[in-house]
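Colleague: So you can see what is in the structure, the chains are spelled out below.
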Amino acid sequence: MSRPLITENQVREALARGETAIHVQGDPIITPLAATALTDNGIYIVKTGDHGGFAGASEGRGELSPVSVKGYDTKFLLELYATMQRIRGFETAVGLLFKQQRIIGFAHLSIGQEAVPTGVCAALGPEDYLTLTHRGHGQMVARGARLDQMMAELYGKVTGNCKGKGGSVHLHDFQLGILGANGIIGANLVITSGAAMSAKMRGTKQVAVAFFGDGVVNQGAFHEALNIASVMKLPILFVCENNQYAVSMSERDATAAESIAARGRAYLMPGVTVDGQNALAVYETTKTAVERARRGEGPFLIECMTYRSRGHWEGETTELRPESERKQWQERDPIQRLARALIAANPATEDQLRRISDSVRDEVVEAVRFAEESAYPPLAEALRDVWSGEIAITQ
Amino acid sequence: MRELTFAEAINEAIREEMERDPSVFVQGEDVGRYGGGYYPALRGLYDQFGSERVRDFPISETAIVGTALGAAITGLRPVVDLMFADFAFVCFDQIVNQISKIRYMSGGLAAAPLVLRGVMGAYSHLAAQHSNSIEALFCQFPGLVVTIPSDCRSAKGLLKSAIRSNDPVIFLEHKMLYLTSGDVPSDREFLLPLGRSNIAREGRDVTLVAHGYMTQLALRAAEQLQANNISAEVVDLWTLAPLDKRTILDSVRKTGRLVAVQESSVLCGIAGEIVATVCESGVALKSAPRRVTGKSAPIPFSPPLEDHVLPHPEDIIQAARTVMQ
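From first to last, the protein sequence lines stand for chains A and B. With my numbering applied, the first sequence corresponds to residues 1 to 395, in that order. With my numbering applied, the second sequence corresponds to residues 1 to 325, in that order.
Here chain A stands alone, though its shape is the one from the complex (with noise of 0.2 Å):
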């Protein structure tokens, strides 16, 4: 195929249009003046043939793995369906009162990510721990995170998890081992391995996983994450949700590797790709990780195709990618294809799954009623949880 022709020409045109973008099919040539028109105005070269889904992000990824329930226990595999609906359920509604600017700040949403957390908390074990991405609300809900206090910290309120102090990208559930969500890219990886080095030397069978995103893996945090993780066989396990965006960059534009499973397999340790739209693979996946973590075997990555549908945060817009790629993955919705598997393979009526909807939404209300009637935290709790109270401060 012959490379395409952007031109200053093309350029203007596309300006005069009030584009933001050029969609073009494979790698162009950028004429000299095409290239100094592009920059002055700000105007982005969209390569649709790289952005097209899976088969274009990297070969051999993304095929799509067949949903099977066969063989599982229906109580399970309610109790996933049901965990997809809490996070969607959720955060819908925080996407809701985000544009009602009932919750401000940052909101960062992964709906139709829901497969990958659901999956990995199911082969966890209670003692185990985790540590969150800034976009972890779904992270916090697949663990077993309630839902009102998650969204009275969201609010700002003293009933929060963090009692209003940390917000959504500082949310945490220590009694549930959430050791805490990060609002630095890649800094939870070694906070997670100094995590399993402490089982280790403690001498627990306790697993930890530290999800993460596709644009960690250009940090030098995770690169010593890994190292030390190989280095100490740690009982660790990497979970990347790859959905594709860091920000707003394509993932096939930022990182130099043939994938993210390449990057753990660098380190000398497991590094597979699975479907992250099935949150039966991914818990599969997960569970074969944590049993071989905990012989003592060490650590893995996962790396677990998804998509983020909405922008980097709640109020970005994401319409710089292709509409085919965003249709393409609406089509791959984790919570549908359960739904269609279980209705196929009859252990669910349409009828259990709806009456599951409906409870999810009743909790979600009951969570934004919590939230809202909820206190902000006094004041002096501003200056209070800064130290230990340790040391008597002499002013």
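For the record, the hints were derived by calculation from the structure and aren't laboratory data. Just so it is clear, CB atoms sit at the ideal spot from N, CA and C, and this is done for glycine as well. Accuracy of the hints is not assured; some may be wrong.
[What the hints assert, rightly or not] Below, a list of computed lysine to any residue pairs in the SDA-like style, where the Cα atoms sit at most 25 Å apart:
#, chain 1, residue 1, chain 2, residue 2
1, A, Lys-75, A, Arg-355
2, B, Lys-245, A, Leu-383
3, A, Lys-200, B, Arg-15
4, A, Lys-205, B, Asp-56
[Said to hold, decoys possible] What the simulated footprint calls covered on chain B by chain A, stretch by stretch (three residues with Cβ under 8 Å from a Cβ of chain A suffice, anywhere in the stretch; the number is not a length):
#, segment
5, 136 to 145
6, 170 to 184
7, 198 to 212
Given chain A, work out where chain B should sit, using these hints.
Modeller: For chain B alone, kept in the frame of chain A given last:
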């Protein structure tokens, strides 16, 4: 009392705390099998406690400090050897944006009981990137405790308290103090309080406020001032954050004169903070306060140039004479 070198005092503090509490462990570059620390404060710990509790790390500061945080929030008490404190810049995010804030961001549910030890300061001809005095930077991040010993005795007493503290403690050891020895109590419960300043020398006429190695320079200056019938009190800031203002103010209330000393360059430093604290307090001063600081340049290698940019006892004497006029 016995005399120990500075390294031996540090060593004894860590050894005693590791014997006392099995959750205390050491990690860093070259700390164990490879030599007991670049500054030999960890000598013998590896032989006594083994590789699980004296953990050798590759040159990977973000991993060293980040894993320490992960261990601290899951029940252990890491004592991190940063080697040169200058390397904190490589993992600054972990220190100032993670460690310092985890308690607060978790609404008080998490604690990070860890110590970050680093060798700081100049006067050693190690040039610009291994001679920084970075204590003031950490003071901008509430949640950190910033502690600096000024001699062998305070090194042991403060470090033991730092290891037992439930707050994250930055513990900075000046290179020049590694050349000193002094009396150190052998008492295993010898603890000096964090968050307190110390009157290192009593005096009537002028207060010299210093910390770390600068306290040694201030004490030398005070000795010479005494020969000229000027009685200088030396306040040693054992802990910079949170700052014990009361001890400083009590001293200045008595003397009515202030000289604040720091090694690093002048802008936004500890000395400026001390002067501001005193001026704001309304304590009546008999003369305008003075700062003695390093000059505003990276630390040069060439010995005469290094000497030129750093503060010396003569500069403190000069400042004390000025505030006495």
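Colleague: Hints broken by the structure, by number, lowest first?
Modeller: 6, 7
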